[in-house]
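Visitor: Read off the chains here:
Protein chains: 2
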Amino acid sequence: MENAGFQRLIKLRQYMKEEGISLFLILHSDAHMSEYVSEADSDIEYLTGFSGENCTVAVTQTESHLWTDGRFFIQAEKEMLGSGTDLFRSGEDGVPKVEEFLKSHVNEGETVSCDGRRLSRKLFKKYDEAIKEKNGIFDTSSNVMDKVFSNRPKLPSEKLFILKDEFSGKSASDKLSDVRKHMKEKKADIFFLSSLCDIAWLLNLRGNDIPCTPVFYSFLLLSMDEGKLFINEEAVSKEIRDYLEGLNIKLCPYESVYDALSEDRGKAVLLDSDTVNERIYESFGEGTNFIEEINCTEVMKAVKNETEIKNTKKAHVIDAVAMCRFLYEIKTGKIDIEKEDEYTIGERLYRLREEGEGYIEPSFPTIAAYGENAALMHYTATPEMKSPLQKRGFLLVDSGGTYFTGTTDITRTIALGELTKKEREDFTLVLKSSLRLMRARFLDGTTGQNLDILARGVMWERGLDYKCGTGHGVGHVLAVHEGPNSIRWKIENAPDFTAHPLKPGMITTDEPGLYFEGEYGIRIENELLCVEDIKNEYGRYYSFENITLVPIDLDAIEPSMLTEEEKDQLNAYHEEVRKTIAPLLNEDEAKWLSEATRAVE
Amino acid sequence: MENAGFQRLIKLRQYMKEEGISLFLILHSDAHMSEYVSEADSDIEYLTGFSGENCTVAVTQTESHLWTDGRFFIQAEKEMLGSGTDLFRSGEDGVPKVEEFLKSHVNEGETVSCDGRRLSRKLFKKYDEAIKEKNGIFDTSSNVMDKVFSNRPKLPSEKLFILKDEFSGKSASDKLSDVRKHMKEKKADIFFLSSLCDIAWLLNLRGNDIPCTPVFYSFLLLSMDEGKLFINEEAVSKEIRDYLEGLNIKLCPYESVYDALSEDRGKAVLLDSDTVNERIYESFGEGTNFIEEINCTEVMKAVKNETEIKNTKKAHVIDAVAMCRFLYEIKTGKIDIEKEDEYTIGERLYRLREEGEGYIEPSFPTIAAYGENAALMHYTATPEMKSPLQKRGFLLVDSGGTYFTGTTDITRTIALGELTKKEREDFTLVLKSSLRLMRARFLDGTTGQNLDILARGVMWERGLDYKCGTGHGVGHVLAVHEGPNSIRWKIENAPDFTAHPLKPGMITTDEPGLYFEGEYGIRIENELLCVEDIKNEYGRYYSFENITLVPIDLDAIEPSMLTEEEKDQLNAYHEEVRKTIAPLLNEDEAKWLSEATRAVE
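For the record, the sequence lines run as chains P and A.
Going by our numbering, the residue at position 277 of the first sequence is 277; the numbering climbs one at a time, nothing skipped.
Going by our numbering, the residue at position 321 of the second sequence is 321; the numbering climbs one at a time, nothing skipped.
Hints in this document: simulated from the structure, not taken from any laboratory.
Note that beta-carbon positions come from the ideal geometry of N, C-alpha and C, so glycine has one too.
Some hints here could point you the wrong way.
[Said to hold, decoys possible] Which stretches of chain P does chain A cover? Using the computed rule of at least three CB atoms under 8 Å from a CB of chain A, they are:
id : region
1  : 463-476
2  : 536-546
[As the list claims (entries may be wrong)] Straight-line alpha carbon distances no greater than 16 Å define the calculated EDC-like cross-link-like pairs of lysine to aspartate or glutamate that follow:
id : chain 1 : residue 1 : chain 2 : residue 2
3  : P       : 103       : P       : 63
4  : P       : 134       : P       : 99
5  : A       : 467       : P       : 133
6  : A       : 186       : P       : 129
7  : P       : 186       : A       : 53
8  : P       : 132       : A       : 100
9  : P       : 187       : A       : 537
10 : A       : 535       : P       : 93
11 : A       : 132       : P       : 185
12 : A       : 186       : P       : 133
13 : A       : 467       : A       : 53
14 : P       : 125       : P       : 355
15 : A       : 125       : A       : 139
16 : P       : 467       : A       : 444
17 : P       : 535       : A       : 92
18 : P       : 535       : A       : 461
19 : P       : 567       : P       : 555
20 : P       : 535       : A       : 93
21 : P       : 103       : A       : 129
22 : A       : 535       : P       : 461
23 : P       : 467       : A       : 537
24 : P       : 125       : P       : 146
25 : P       : 187       : A       : 129
26 : P       : 310       : P       : 545
27 : A       : 391       : A       : 329
28 : P       : 134       : P       : 110
29 : P       : 503       : P       : 533
30 : P       : 125       : P       : 282
31 : A       : 187       : P       : 129
32 : P       : 186       : A       : 100
Could you put the whole structure together from the sequences, leaning on the hints where they help?
Guide: This is the structure in structure tokens:
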């Protein structure tokens with residue numbers, strides 16, 4: 001198969017030569033440091049064919065490399081075949097970091113170029129330091145990729161809608177007050193926000209500019225008494241315009257942001273160097289007093305309020321009904337597995353979710369991966385690339401929905417028929433791992449870094465591992481991946497990154513797995529709400545409430561590997577699933593659910 | 001009981017008034033940021049009576065507060081009674097941090113004073129920032145405490161000795177080469193070292209200036225081809241002088257360091273802002289290019305070489321013989337417990353250790369704490385303050401020795417007779433906790449923050465906790481507390497502090513406990529050597545080798561609370577203790593050891 005990236009790479013190198021650029025850097029990002037980007041920002045996919053996330057490309061006249069993390073190694077190898085770009089497996093022995101690569105590949109006085117709009121200030125500083133060691137020049141103004149990617153699609157600007165207080169639980173005006181209180185403490189004149197989820201959360205507005213994330217392209221500049229929202233006018237209806245006016249927020253054209261900021265030069269600007277792009281910094285200009293910290297809105301939005309929690313639980317019940325119907329159809333032979341493939345089965349699940357009350361869109365593209373494809377952690381089947389299903393082995397389905405009530409994320413691995421002993425044992429290990437984290441009790445101040453080993457230790461004891469975090473925060477009618485809470489043992493960019501303590505109201509996934517290249521993949525994913533537990537002379541304890549209510553396939557477990565404690569925990573969970581979901585199903589489905597949630601002895 | 005601190009506090013306030021100081025800060029530290037300080041630096045004890053570590057005092061005209069951590073809460077309350085200084089329980093709800101206290105207690109333009117020699121640059125910056133918010137002045141040059149503490153003892157300068165290569169495993173000349181290689185990488189002209197353990201380690205020299213830590217007061221300034229050691233001449237014999245000359249290291253008077261540094265102004269100086277004091281920084285002066293990082297020697301000395309490991313294991317065998325004899329005498333009634341008290345029993349243990357080959361000194365003052373005194377985590381009995389022993393309950397003994405072969409640190413909690421059911425259950429919990437950490441297997445990159453919950457989780461599950469870390473690094477013929485390795489869930493000064501991954505060759509203690517004020521305290525402490533485990537497609541796994549070889553009191557356990565896995569682990573441990581130590585004991589002792597290490601069923 002030919003890879004279109006190869007010719008594009010040749011073109012890029014020509015332009016680089018013409019402009020005197022020795023090394024060109026491309027980040028998988030947009031002007032807002034979004035995790036998922038729209039097609040307008042798909043430079044890396046355009047150049048290499050790789051469609052995953054969390055990647056960086058460095059091109060010189062003789063080399064081209066793409067860094068990505070363990071979730072994407074197998075996918076990247078496949079997709080980049082013939083592109084002329086090689087894979088750097090981030091984190092593995094002998095693989096340089098981007099900044100190390102810069103140090104070793106930039107010669108005295110050479111120019112490195114990168115689009116400053118897709119580069120955070122924090123990353124700019126790190127790379128600039130590496131380049132400076134060789135007296136290199138870091139040019140963030142040119143963007144030769146625009147010439148290569150000449151048919152670049154336009155940035156979307158879909159219509160906004162208001163997330164009403166009955167869903168958000170707190171008015172935008174109250175949220176703005178909280179932010180301004182914080183600005184006052186920090187002695188800031190201005191709060192500049194470019195992270196799309198934070199803007200959407202703060203203003204109780206949603207959009208549809210990024211697939212599976214109901215956000216809208218914009219920048220927000222807040223002073224103590226007014227605000228400016230930089231956004232494409234076509235996205236804003238009369239209703240929204242009036243709503244924003246009520247909040248004393250003025251509309252300005254999206255593209256005008258870079259020119260507008262110099263007005264505030266010299267002021268004290270509160271902003272997050274991790275999400276604000278370098279060109280924004282340059283636009284404020286010298287003499288501006290930058291006060292840098294993680295956006296205060298990040299923790300505010302991660303701690304869900306009572307309304308959000310109540311609603312999210314509703315969303316999980318609605319979502320569980322769709323998932324249970326899906327499992328019922330597969331497990332009872334209602335659909336003929338052998339006539340399905342990964343793509344068609346995924347489509348079936350989309351249809352089932354669409355029936356749910358208040359459904360907006362998938363919270364991310366469904367991963368329905370059969371057999372060895374499930375070893376690719378973030379594999380997505382397409383009409384062109386998909387495997388047929390068989391009556392044996394595992395089908396891994398990682399999916400979720402965004403509803404007006406909340407966002408869900410769930411993975412179930414389903415036995416489609418006969419399993420080998422090793423498959424059953426591995427499934428049981430993943431279950432043990434998931435259960436151990438779920439039953440944790442921990443003191444206030446505990447971070448996901450402290451907790452990760454509860455899940456991962458089950459693997460490590462046996463010389464196994466999964467090459468990704470154990471869990472991530474989940475947004476409320478927002479991105480399915482959200483900070484600052486997460487459950488991971490390694491903080492990649494330490495010491496820049498501080499693991500944030502888990503607080504009551506935060507929702508984090510619990511998704512350990514096992515992945516064997518060329519064989520199969522297993523993942524079980526539930527969402528855990530952090531809740532208050534006992535309080536005594538040692539402090540405040542928290543624990544997790546499981547809010548995902550879908551059975552775990554008992555056909556895949558090896559009961560002898562479970563302790564009594566684990567069996568009790570699993571049985572109690574299944575009892576709750578049955579009690580809550582069965583009344584919402586038809587008779588046949590409920591009968592199946594009853595069997596699927598039977599007690600394990 | 002009268003507390004002499006009260007009058008001294010009045011005096012201090014007078015001097016503060018005279019010099020226009022609104023707030024005076026005192027740190028428990030010396031010019032080298034040592035953990036344990038000599039009497040010459042015991043300002044806090046002089047002023048408040050509190051004799052523990054890790055504390056800070058802030059004095060204004062109307063308030064005086066001392067911050068310390070959970071290990072010392074009970075002790076501090078007792079010792080500071082009537083001193084006029086109150087306890088701030090660091091880390092508890094509602095207790096301000098020092099910098100928060102400064103913000104709320106410094107008024108516009110006021111002066112805060114602190115001895116800059118006892119303040120690290122890092123802490124200076126943090127406090128200075130807090131003070132600047134109120135346009136306050138931070139004066140680090142005056143030291144009114146010198147006037148109050150008029151009979152301050154002189155800084156010791158005991159004779160140095162060489163730790164021969166057969167003990168150190170690597171010559172000073174090779175270590176200096178490693179450091180200079182690192183300086184080259186960092187483009188540093190100068191490496192400035194003030195941490196006493198690092199200087200001692202780097203030069204393979206030892207001293208006797210700080211109780212229980214064989215180090216010597218000095219500063220070391222290294223350039224690429226020579227060095228200067230700032231030290232009191234009387235500490236240096238002809239042999240040492242020749243030895244240093246062989247390393248091209250010149251001797252300079254200790255006190256001359258502050259004047260000497262301006263010679264190197266403008267150079268690139270590599271140093272650690274966490275251990276170098278503020279006045280040193282000021283002495284280098286403006287225009288100096290400070291390259292700041294954790295001392296490279298810290299990781300170098302934490303990863304023990306083969307000789308150090310072999311020798312440390314020898315030290316543990318020698319130490320175990322003393323400990324076993326001590327336990328034998330207590331458990332078999334060879335000594336009449338009821339005629340002993342905490343102090344005399346501690347003295348007996350000192351005598352037994354002194355018999356060991358190559359013994360230098362205790363690695364820290366023995367904690368022999370009976371009954372409720374053991375709830376004071378760092379209690380030390382004195383001839384004046386001690387409790388008699390009885391034939392019931394627990395005696396906690398935390399002790400260790402420094403030998404030419406290595407440094408040990410061990411805690412055993414001993415049943416002196418009848419125990420309550422709750423005492424046995426709590427002892428078993430501590431044992432379970434200790435065993436769970438000990439059997440960990442983990443991937444390269446794992447930190448003590450990741451591992452802590454393995455031990456602590458046993459407590460958290462039951463709504464319990466211990467208010468200290470689970471383990472600390474141990475030096476080799478150096479400080480018994482050493483970084484950068486540790487096992488703790490909370491990094492107090494985050495985000496400044498990066499938890500360092502555990503690496504093969506590092507030695508860390510495993511010492512969970514339970515402490516009930518007014519009742520009893522239990523701690524079990526072993527030392528764990530990090531070793532290579534399996535290596536496979538997931539990476540390099542490490543695990544722990546237990547190098548402490550002393551029985552755990554089986555009279556105190558509740559076998560029904562142990563899983564089969566835990567019983568096997570305990571029995572295997574005790575078998576190794578018996579096999580290794582019995583041959584070194586006399587017949588009666590060996591017979592007792594055989595019984596004390598019996599298999600638990």
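Visitor: Could you work out which earlier hints the structure fails to respect and list their numbers in ascending sequence?
Guide: Hints 5, 7, 8, 9, 14, 21 and 24 contradicted; others consistent.
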